[in-house]
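Number of protein chains: 2
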Amino acid sequence: NPKFQKIFKKVDELKPDFIQVLAEAVEIPAVSADESLRPMVIKKAHFLVDKLKQLGFEDIQLKELGVQPPPVNDPKLQLPPVVLSRYGNDPSKKTVLVYGHYDVQPASIEDGWDSEPFKLVVDEEKQLLKARGSTDDTGPLTGWLHVVRAHQEAGIELPVNLLTCFEGMEESGSLGLEKLIGQEADKYFKDVDAVCISDNYWLGTKKPVLTYGLRGCNYYQVTINGPGADLHSGIFGGVIAEPMVDLVQVLSSLVDSKGKILIKGIDEMVAPVTEKEMKLYEDIDFSLEELEEASGSKTALYEKKEDILMHRWRFPSLSVHGVEGAFSSQGAKTVIPAKVSGKFSIRTVPDMDSAKLTKLVIDHCNSVFEKLGSPNTIHAELIHDGNYWVSDPFNAQFTAAAKATKEVYGVDPDFTREGGSIPITLTFEEQLKTSVLLLPMGRGDDGAHSINEKLDISNFIGGIKTMVAYLHYYAESPEN
Amino acid sequence: NPKFQKIFKKVDELKPDFIQVLAEAVEIPAVSADESLRPMVIKKAHFLVDKLKQLGFEDIQLKELGVQPPPVNDPKLQLPPVVLSRYGNDPSKKTVLVYGHYDVQPASIEDGWDSEPFKLVVDEEKQLLKARGSTDDTGPLTGWLHVVRAHQEAGIELPVNLLTCFEGMEESGSLGLEKLIGQEADKYFKDVDAVCISDNYWLGTKKPVLTYGLRGCNYYQVTINGPGADLHSGIFGGVIAEPMVDLVQVLSSLVDSKGKILIKGIDEMVAPVTEKEMKLYEDIDFSLEELEEASGSKTALYEKKEDILMHRWRFPSLSVHGVEGAFSSQGAKTVIPAKVSGKFSIRTVPDMDSAKLTKLVIDHCNSVFEKLGSPNTIHAELIHDGNYWVSDPFNAQFTAAAKATKEVYGVDPDFTREGGSIPITLTFEEQLKTSVLLLPMGRGDDGAHSINEKLDISNFIGGIKTMVAYLHYYAESPEN
Ligand SMILES: [Zn+2]
Ligand SMILES: [Zn+2]
Ligand SMILES: [Zn+2]
Ligand SMILES: [Zn+2]
Chain R
2 NPKFQKIFKK VDELKPDFIQ VLAEAVEIPA VSADESLRPM VIKKAHFLVD
52 KLKQLGFEDI QLKELGVQPP PVNDPKLQLP PVVLSRYGND PSKKTVLVYG
102 HYDVQPASIE DGWDSEPFKL VVDEEKQLLK ARGSTDDTGP LTGWLHVVRA
152 HQEAGIELPV NLLTCFEGME ESGSLGLEKL IGQEADKYFK DVDAVCISDN
202 YWLGTKKPVL TYGLRGCNYY QVTINGPGAD LHSGIFGGVI AEPMVDLVQV
252 LSSLVDSKGK ILIKGIDEMV APVTEKEMKL YEDIDFSLEE LEEASGSKTA
302 LYEKKEDILM HRWRFPSLSV HGVEGAFSSQ GAKTVIPAKV SGKFSIRTVP
352 DMDSAKLTKL VIDHCNSVFE KLGSPNTIHA ELIHDGNYWV SDPFNAQFTA
402 AAKATKEVYG VDPDFTREGG SIPITLTFEE QLKTSVLLLP MGRGDDGAHS
452 INEKLDISNF IGGIKTMVAY LHYYAESPEN
Chain H
2 NPKFQKIFKK VDELKPDFIQ VLAEAVEIPA VSADESLRPM VIKKAHFLVD
52 KLKQLGFEDI QLKELGVQPP PVNDPKLQLP PVVLSRYGND PSKKTVLVYG
102 HYDVQPASIE DGWDSEPFKL VVDEEKQLLK ARGSTDDTGP LTGWLHVVRA
152 HQEAGIELPV NLLTCFEGME ESGSLGLEKL IGQEADKYFK DVDAVCISDN
202 YWLGTKKPVL TYGLRGCNYY QVTINGPGAD LHSGIFGGVI AEPMVDLVQV
252 LSSLVDSKGK ILIKGIDEMV APVTEKEMKL YEDIDFSLEE LEEASGSKTA
302 LYEKKEDILM HRWRFPSLSV HGVEGAFSSQ GAKTVIPAKV SGKFSIRTVP
352 DMDSAKLTKL VIDHCNSVFE KLGSPNTIHA ELIHDGNYWV SDPFNAQFTA
402 AAKATKEVYG VDPDFTREGG SIPITLTFEE QLKTSVLLLP MGRGDDGAHS
452 INEKLDISNF IGGIKTMVAY LHYYAESPEN
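So the sequences go chain by chain: R and H. Using our numbering, the first residue of the first sequence is number 2, and each one after it goes up by one. Using our numbering, the first residue of the second sequence is number 2, and each one after it goes up by one.
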């Protein structure tokens with residue numbers, strides 16, 4: 002295909018420029034979970050607006066979402082804006098809405114990064130780009146801008162009208178976005194034929210994938226409240242009920258070391274595995290070794306490929322993330338923390354009902370706490386939830402993306418689900434009544450949400466090319 | 002006593018000066034647990050040297066203790082120096098060594114302080130001094146300097162030779178001090194007749210006390226090591242053994258919510274309560290209400306005064322302080338932490354043997370972990386330990402201090418023990434073969450180690466006067 006060759010050549014030529022844009026973008030520490038960094042999140046939105054303007058995007062709107070609901074320290078904290086924009090307005094073309102998020106997870110060099118997390122390192126030897134946001138999700142998000150640039154420089158018309166919806170709160174529950182999508186469904190988004198989200202990863206490190214399912218995520222916080230202030234363990238140890246002691250009892254009752262969730266009633270909500278479904282898992286290219294490589298350890302809970310994939314994609318899991326309010330630094334502080342909040346989340350799958358799950362979880366925590374007979378008080382609550390999602394992997398979009406993948410990487414993609422959640426996927430599908438495609442750019446070992454997050458240069462460039470080819474194949478497809 | 006009246010009047014007149022010195026001292030954030038603040042700890046040592054010089058102390062020596070042993074981030078990290086100095090060198094006088102520490106606990110306004118922790122707030126309404134270090138231990142430490150100043154301004158000779166031993170690592174295990182005391186026992190400290198430590202608190206808020214016993218403290222860290230880096234719980238939740246899940250199981254096996262230690266073999270090491278001992282507790286001025294007021298809550302584990310005091314002073318306790326390496330901020334980070342360290346400590350009492358206790362603790366942790374069947378690894382270790390201490394409350398020093406207390410406060414002090422540990426007490430007693438007196442300045446509700454640490458102005462001034470009178474009564478006492 003000479004059209005693709007021409008654009009792909011431009012993508013290759015523009016590689017240094019594309020990396021430079023990524024470097025500028027990740028330098029802005031847009032951590033949505035850190036209230037003090039909120040101005041940086043907003044700064045990054047304006048950075049994107051500038052880039053969109055330069056490329057000739059039109060009708061650029063910064064949609065304000067109002068103040069962030071509690072719990073917050075600053076009751077007037079503004080949510081970061083959603084960046085809407087449009088490239089092309091040809092009624093004869095299909096309209097594709099691309100979604101990405103410009104906020105990132107927290108990161109600090111003290112966490113163990115080899116380099117400053119908010120400074121892009123171009124590792125020429127390993128051919129990778131290292132920084133917080135490189136793969137999640139600044140790299141893929143800016144990829145869509147590079148798609149337009151490559152078309153422009155190659156002198157080839159974009160085959161679709163492209164809309165952007167870039168948000169700044171994804172890592173903190175996409176607060177306000179669902180409402181905005183509902184409001185814009187018949188306005189800004191009214192002509193959208195398809196939605197494409199590039200915010201997940203290949204299953205492994207070699208084979209490209211397209212993703213048709215996601216687990217949901219219900220995030221909980223259980224707070225134990227005791228003394229009026231932190232106390233000295235010498236003076237109060239042994240005579241005061243310690244919130245941290247109660248908390249570890251509650252946290253230890255949630256899941257065992259084999260990954261089995263101990264909260265009653267959850268297993269019963271999970272859709273049973275069918276024979277046909279079982280078959281699907283057999284074809285996928287994956288192995289225990291890939292999991293071990295991605296996790297950097299031999300600490301897998303299962304050995305068989307099918308067990309691993311099913312426990313990642315179609316069974317719930319419970320993770321304990323940490324404790325807020327307790328001593329958390331190096332050294333030996335002899336404190337009795339006055340108020341501690343345990344954080345844990347449950348990944349959800351068909352047919353779990355979020356509200357019913359939350360009732361089970363909160364009842365469980367309260368019941369375990371009550372049996373302790375502690376004079377402290379407990380408050381278990383849902384911090385945020387996002388539903389699971391499953392799509393049809395044989396529709397027009399997925400078919401176009403499969404052909405695009407084959408064009409760029411020379412292989413058919415695996416059709417996968419994901420263990421992670423992108424709650425907004427379901428919202429787009431329901432509100433815009435369109436198909437949603439998950440088109441990952443990075444690899445399974447990119448380390449999103451962990452230290453030394455990276456994106457391979459070949460995935461960055463290959464991903465941009467795949468986006469290009471996907472838009473063309475989808476534009477040509479007879480169906481919507 | 003006209004001599005006391007003259008000096009006490011000077012103390013009252015000099016109050017603004019004394020508060021000013023404290024304000025300057027607490028402004029230096031001398032947090033010994035924070036490696037990055039080590040230069041501040043050292044700066045505070047030099048601040049004290051300047052003050053000692055101004056007052057005419059002689060033979061001022063900054064004793065270097067070498068590099069801090071692992072675990073440290075910086076393998077060349079220097080320990081803060083010990084400040085030795087002498088005021089007076091008259092062989093006909095007794096020699097009193099006073100000990101204090103100029104380092105402080107970590108503090109940050111984000112912890113919930115009403116004001117900047119390293120800025121002294123003089124609350125005129127409540128008549129208190131608020132800052133990290135105000136009561137622990139910068140206030141009492143500088144008190145000794147004010148004792149000398151008051152004598153000078155009153156034109157009255159100090160009745161003893163005064164030696165100082167001010168260290169900068171007390172809040173981090175007094176690393177290096179024990180060795181130094183051993184080395185100086187026959188040198189700098191060779192003429193010492195008595196040691197006085199002002200680094201603890203009244204039992205309650207009204208009655209002055211003298212303290213003749215302390216619990217020890219064995220601080221442990223149990224580390225669970227899993228994946229090579231922090232992981233995304235969406236991608237790895239359910240397929241990887243999570244260190245945090247194992248850790249809460251281990252931490253939940255240590256102590257129950259009623260304060261009962263669950264590690265086998267510990268109860269058997271504790272000296273039984275005698276009838277005579279039981280009697281002692283009956284006389285002490287204390288009530289459940291005071292504990293509730295000091296803790297700012299109704300979360301006491303015992304109702305009876307005797308039970309409370311015995312569980313604070315003569316029974317062991319186990320506190321869970323926190324977790325290093327897990328998510329610890331506000332918000333909802335969906336991370337699987339790769340390596341987490343639980344921190345807990347056991348307060349020790351006669352006749353617990355530290356080494357034997359540590360073996361019990363480590364064996365317990367390993368045994369609980371082994372039963373989990375986790376592919377992760379565990380490492381339980383003692384971070385530091387300090388032995389318990391019990392003295393004779395009727396010796397010359399205690400008698401002098403009791404008379405001094407009566408002189409200043411008009412009441413006989415209660416003779417108490419303490420739940421906290423000042424390991425160096427035992428070292429002084431053993432190495433210098435002298436009696437050690439614990440002469441507290443602050444109150445039980447001062448909030449050492451917690452937010453809004455304070456020292457009542459009346460305790461600051463009353464404490465200085467008590468120090469004055471104690472030196473005179475001890476100087477006059479026939480025995481050593
Ligand atoms: Zn993302
Ligand atoms: Zn993310
Ligand atoms: Zn202290
Ligand atoms: Zn202290």
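To be clear, the hints were calculated from the coordinates, so they are not data collected in a lab. Be aware that a few hints might be false.
Copies of the same chain look alike in the list, so a pair counts if it works inside one copy or between any two.
Simulated crosslink set (DSS-like; lysine-lysine; CA at most 30 Å straight-line) [said to hold, decoys possible]: (1) K7 x K299; (2) K277 x K44; (3) K372 x K299; (4) K188 x K7; (5) K372 x K261; (6) K259 x K360; (7) K372 x K305; (8) K299 x K360; (9) K120 x K277; (10) K44 x K94; (11) K64 x K259; (12) K372 x K265; (13) K407 x K434; (14) K306 x K372; (15) K280 x K127; (16) K372 x K259; (17) K95 x K357; (18) K265 x K434.
Cross-check of the supplied hints:
1. K7 x K299: neither (45 Å within a copy, 75 Å between copies)
2. K277 x K44: neither (49 Å within a copy, 71 Å between copies)
3. K372 x K299: Between copies, since 19 Å is at most 30 Å while 37 Å is not.
4. K188 x K7: neither (35 Å within a copy, 86 Å between copies)
5. K372 x K261: Both, since 22 Å and 15 Å are each at most 30 Å.
6. K259 x K360: both (24 Å within a copy, 28 Å between copies)
7. K372 x K305: between (39 Å within a copy, 23 Å between copies)
8. K299 x K360: between (35 Å within a copy, 29 Å between copies)
9. K120 x K277: neither (47 Å within a copy, 68 Å between copies)
10. K44 x K94: neither (33 Å within a copy, 70 Å between copies)
11. K64 x K259: neither (45 Å within a copy, 53 Å between copies)
12. K372 x K265: both (16 Å within a copy, 22 Å between copies)
13. K407 x K434: within (28 Å within a copy, 84 Å between copies)
14. K306 x K372: Classified as between; 26 Å across copies, 40 Å inside a copy.
15. K280 x K127: neither (37 Å within a copy, 74 Å between copies)
16. K372 x K259: Both. Shortest intra-copy (24 Å) and inter-copy (11 Å) distances satisfy the 30 Å Cα cut-off.
17. K95 x K357: neither (40 Å within a copy, 76 Å between copies)
18. K265 x K434: Neither. Shortest intra-copy (36 Å) and inter-copy (62 Å) distances fail the 30 Å Cα cut-off.
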